[in-house]
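Add chain B to chain A, keeping to what the hints say.
Number of protein chains: 2
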Amino acid sequence: MMNDMMNATTDEIRQAIRQGNWDKPTSGLANGFLQTNLVILPKDMAFEFLLFCQRNPKSCPLIDVTDPGSYTPSLSAPSADLRSDIPRYHVYRNGELTEKPTDITELWQDDMVAFLIGCSFTFEEALVKNGIPMRHNEEGRNVPMYKTSIPTVKAGRFEGPTVVSMRPVAEKDLVRAVQVTSRFPTVHGAPLHIGHPSSIGITDLDQPDYGDSVTVKEGEVPVFWACGVTPQAVAAHIKPPFMITHAPGHMFITDIKTESVGVI
Amino acid sequence: MMNDMMNATTDEIRQAIRQGNWDKPTSGLANGFLQTNLVILPKDMAFEFLLFCQRNPKSCPLIDVTDPGSYTPSLSAPSADLRSDIPRYHVYRNGELTEKPTDITELWQDDMVAFLIGCSFTFEEALVKNGIPMRHNEEGRNVPMYKTSIPTVKAGRFEGPTVVSMRPVAEKDLVRAVQVTSRFPTVHGAPLHIGHPSSIGITDLDQPDYGDSVTVKEGEVPVFWACGVTPQAVAAHIKPPFMITHAPGHMFITDIKTESVGVI
Chain A
30 MMNDMMNATT DEIRQAIRQG NWDKPTSGLA NGFLQTNLVI LPKDMAFEFL
80 LFCQRNPKSC PLIDVTDPGS YTPSLSAPSA DLRSDIPRYH VYRNGELTEK
130 PTDITELWQD DMVAFLIGCS FTFEEALVKN GIPMRHNEEG RNVPMYKTSI
180 PTVKAGRFEG PTVVSMRPVA EKDLVRAVQV TSRFPTVHGA PLHIGHPSSI
230 GITDLDQPDY GDSVTVKEGE VPVFWACGVT PQAVAAHIKP PFMITHAPGH
280 MFITDIKTES VGVI
Chain B
30 MMNDMMNATT DEIRQAIRQG NWDKPTSGLA NGFLQTNLVI LPKDMAFEFL
80 LFCQRNPKSC PLIDVTDPGS YTPSLSAPSA DLRSDIPRYH VYRNGELTEK
130 PTDITELWQD DMVAFLIGCS FTFEEALVKN GIPMRHNEEG RNVPMYKTSI
180 PTVKAGRFEG PTVVSMRPVA EKDLVRAVQV TSRFPTVHGA PLHIGHPSSI
230 GITDLDQPDY GDSVTVKEGE VPVFWACGVT PQAVAAHIKP PFMITHAPGH
280 MFITDIKTES VGVI
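Heads up: the protein sequence lines correspond to chains A and B, in order. Add 29 to the 1-based position in the first sequence for the numbering used here, that's all there is to it. Add 29 to the 1-based position in the second sequence for the numbering used here, that's all there is to it.
One chain only, chain A, in its complex shape (with noise of 0.2 Å):
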């Protein structure tokens, strides 16, 4: 199954998960492919998140938003069905995670909107294809996340604190760190921050608010980009009566090939 899906198509992988074939994380498939983090929310919330996003594009990047009642990502992925397509969903009634489905066409409600937000595996990708590793890869963890001193823009209800994954990069390869994920502002883009946590309020690298702790080693910067967390976390924070979202590093697959959002 692995080797089937590493060589199968987006629509493919997307069917095979559909079908309940593939309900673990997506990291390593459809290289070459956005990925993106879900938000489902109801239309009476859906212009303020909106604006959340737009006012907050670092953090929030947004690549496909559903017309209210649809589960079709129509720009990013047409045959796909939002309801079915995803590994894993999280559903949060009043701001508490209640349930853990493969499967959401029996919660799916006629009011709803999909926001779909850029993900870091992407620039992850693009890194890795310029020589700076992942050091949670090679650890085997996830990445770690930290809410920072960094406020996001708030929007209606919507309001709280930037939350960042970190990376370690060899001083070395810094430059060059911020050059390729510059080219991809709509999955988070350049760096937020490069160098000591506390000038962003971390006050322990090795207490990660989400995610793992990673080995920093001598001679690496501690690099720190916005994060996809940022709006799940703060769409919890104000706990609406009802939010579905991905299950953490179970992210929708796009038809959208990663190099046609570089910017140059």
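Honestly, I wouldn't trust all of these hints.
Okay, derived cross-link-like pairs now, DSS-like style, lysine-lysine, Cα gap no bigger than 25 Å in a straight line [as the list claims (entries may be wrong)]:
1. Lys-286/B - Lys-87/A
2. Lys-183/A - Lys-72/A
3. Lys-176/A - Lys-87/A
4. Lys-72/B - Lys-183/A
With beta-carbon atoms standing in for the labels, derived distance ranges [stated by the list, open to error]:
5. Thr-131/B - Glu-200/A: 54 to 64 Å
6. Gly-248/B - Lys-72/A: 52 to 62 Å
7. Asp-238/B - Glu-200/A: 48 to 58 Å
8. Glu-128/A - Asp-96/B: 32 to 42 Å
9. Gln-138/B - Leu-234/A: 43 to 53 Å
10. Thr-232/A - Ile-293/B: 24 to 34 Å
11. Gly-291/A - Glu-247/B: 27 to 37 Å
12. Leu-126/A - Glu-41/B: 51 to 61 Å
Treat the hints as calculated values from the structure; they're not laboratory data. Beta carbons are placed, not taken as given, at the ideal position from N, Cα and C, and that holds for glycine.
Using the frame of chain A, we list chain B on its own:
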């Protein structure tokens, strides 16, 4: 007055406009700062229009969107008042242009949302700095604009053709023109098309749909950029009960430095 305005700060220029001391086009004012198009719509159309802009980022690059009811563009010019800081407005009722006031304070309603959309003045400045002259400025005309066969991506009621502006560029400068404008995705970015007008549904360069025709000289190629008239044309097309925009050429001046939105 003109000389004063040329050396004034963005805040001073907006004050002069607010006090009725400047009702002319803003081209050439506040060099180095972003100017924007303006579209004001009632809240019940705001989600659809925001979605439309999100889906059509080349023609509708959003610089700032106000909270419903607010006339303060808090991200782009916190000291501004969008009811008075634009030299001239166009007021549309049921799709018809009914008034051209210099102040809309009396017309402002509590449910209005203001959209500030990137303007080509910004990338023209970058082109000129790179030695690529603007023919319409040389000839003292407005830039020629054309409806194309390139459809915008529909969002709710909003749909219609993409409008482009055209600038003749010497063949030797084509590469640089693409590079320079690619840096600025928030002000229309890279060209939509280089070459034959007929490839994008334009039958006669001498008959623009908006603005004035300009001379295309021997050895020059017509280059087409997505145009900020698109959202106005699309919004006017669906004849909203009430809409306010800037008058062509009479833009909103922000506090955002042009260089700060360059992606690299």
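Between Asp-238/B and Glu-200/A, does the C-beta distance stay in 48 to 58 Å? holds (55 Å)
Taking the beta carbons of Gly-291/A and Glu-247/B, is their distance inside 27 to 37 Å? Distance hint for Gly-291/A, Glu-247/B holds at roughly 35 Å.
Status of the given 54 to 64 Å range, CB of Glu-200/A versus CB of Thr-131/B: holds (56 Å)
Is 43 to 53 Å right for how far apart the beta carbons of Gln-138/B and Leu-234/A are? The hint (43 to 53 Å, Cβ to Cβ) holds, given that Gln-138/B and Leu-234/A are roughly 50 Å apart.
Does 51 to 61 Å hold as the CB distance between Leu-126/A and Glu-41/B, or does it fail? For Glu-41/B against Leu-126/A, whose Cβ atoms are near 52 Å apart, the range 51 to 61 Å holds.
Does the alpha-carbon distance linking Lys-72/B and Lys-183/A stay inside the 25 Å limit? holds (18 Å)
25 Å limit on alpha-carbon distance, applied to hinted pair Lys-286/B and Lys-87/A: It holds: about 18 Å lies between the C-alpha atoms, which stays within 25 Å.
Cβ-Cβ distance between Thr-232/A and Ile-293/B: within 24 to 34 Å? holds (33 Å)
Mind checking the alpha carbons of Lys-183/A and Lys-72/A for me, to see if they're no more than 25 Å apart? Distance of about 19 Å is within 25 Å: holds.
Look at the Cβ atoms of Gly-248/B and Lys-72/A and judge whether their distance stays inside 52 to 62 Å. holds (54 Å)
Confirm or reject the claim that Glu-128/A and Asp-96/B have a C-beta distance inside 32 to 42 Å. holds (33 Å)
Given the hinted pair Lys-176/A and Lys-87/A, is their alpha-carbon gap at most 25 Å? Answer holds: Lys-176/A to Lys-87/A is near 15 Å, not above 25 Å.
The structure fails none of the hints (numbered hints given earlier).
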